[in-house]
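Keeping the supplied structure of chain A fixed, place chain B upon it in accordance with the hints.
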Amino acid sequence: MSDPTLLVLASLADGDKHGYAMMADIQEFAGVQMGPGTLYGAITRLEQRGFIRPVSADDRRQPYRLTAAGKRFLDEQLTGLESIVRIGLQRLRQA
Amino acid sequence: MRRLIRSVVWLYPARWRHRYGDEFVGLLDELEPGWRQLFDVVQGAITMNLRSIRPSAFAGSIGRNVVALVVYWLTGLTFVRIGERLLGGWPASTLGELVALLLGVVLALRLRAKVTAYFLTAMTAYSASENAIHLYFGIRAAQGAATHFAVMGAGLIGVILGALLATHDGRANGLGEGPVGTGEPRRDAVRVDRSAARSKRRAAMPWQARSPSPRLQSASPKPFRGVDRGEQCADLADGWRALLAKGFTVED
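From first to last, the protein sequence lines stand for chains A and B. Take the first sequence: its letter number 68 is residue 68 in our numbering, and every next letter is one higher. Quick note: to get our numbering, add 95 to the position in the second sequence (first position is 1).
These aren't lab readings, by the way, just hints derived from the structure by calculation.
Just a few of them, taken from the derived set where beta-carbon distance is under 7 Å, the chain B residues facing chain A:
#, residue
1, Glu125
2, Asp135
3, Val136
4, Gln138
5, Gly139
Since the structure is predicted, the reported quantities are computational estimates derived from the model, not experimental observations. Every residue, glycine too, gets a C-beta built ideally from N, C-alpha and C.
Isolated chain A (complex conformation) (with noise of 0.2 Å):
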């Protein structure tokens, strides 16, 4: 699971965030050091999308919050990389 846009939504799961605090939590969650460049193409995409959106800030930190639209998306892609990894995982152990 390295897809970035997958990555901001899961750290977004929990509660809003602003960039730096996602860049800190995909780091710690997933191990994945995201650039700058990449987590903000990633938030335009999201955005665009309307899975997430800003919230109100007081200062040049701008908080996220995953919609329900991007809820439903996150669920359904976890849904699915979780029956590949079950899968896959029994596909081992039996080979």
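Quick look at chain B alone, frame taken from chain A:
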């Protein structure tokens, strides 16, 4: 390194910078600068520019440029032939070519064919300089010092015309389009006070990494969002970027 990375933000499309530039630069300021980040930001800029290309707009832009070039060529051919056959040849023929060039520039600007507008403007500069030298010496082909003067004059006129064109391009670039994603032109906004446009552009510079001073870093583009969308990005650099990118493409 930090300044270098911040300066790369200029490579992102103007509309993207307008929407995300402030927070993106804020994020860059929080990170430890390094080569990896630099490459990532450059890669992001390339991706964003590629993503901003819309095939229909690209085709439309190509079409407008071709139409402007063809109309210029036919006008020029007509004027040169009239000069040669009806007005006694040189200098009427070359002056006819110059007039056709000027008309071509006007037409290209009207058609928003920026590449053609810049191309014909460059040709106008050289033609004007060359004709002025030729008429001064009363000869059709100048050599030696006269040629050097013609080239130098062309450069000078070219710079002046280029600056005028960039100003025009900047005003149209910044004011001619509506909010992100709509792609709708805002013709009502074209009539803007030029001094106000300049002052807003200056005021909007700081967030775009022009200066590292704290006072300037704290400036935000938010007050400039809305009616004057994009205008802050319409400087000379954007004029050139518009020639290369927006002349053929329309951003998201």
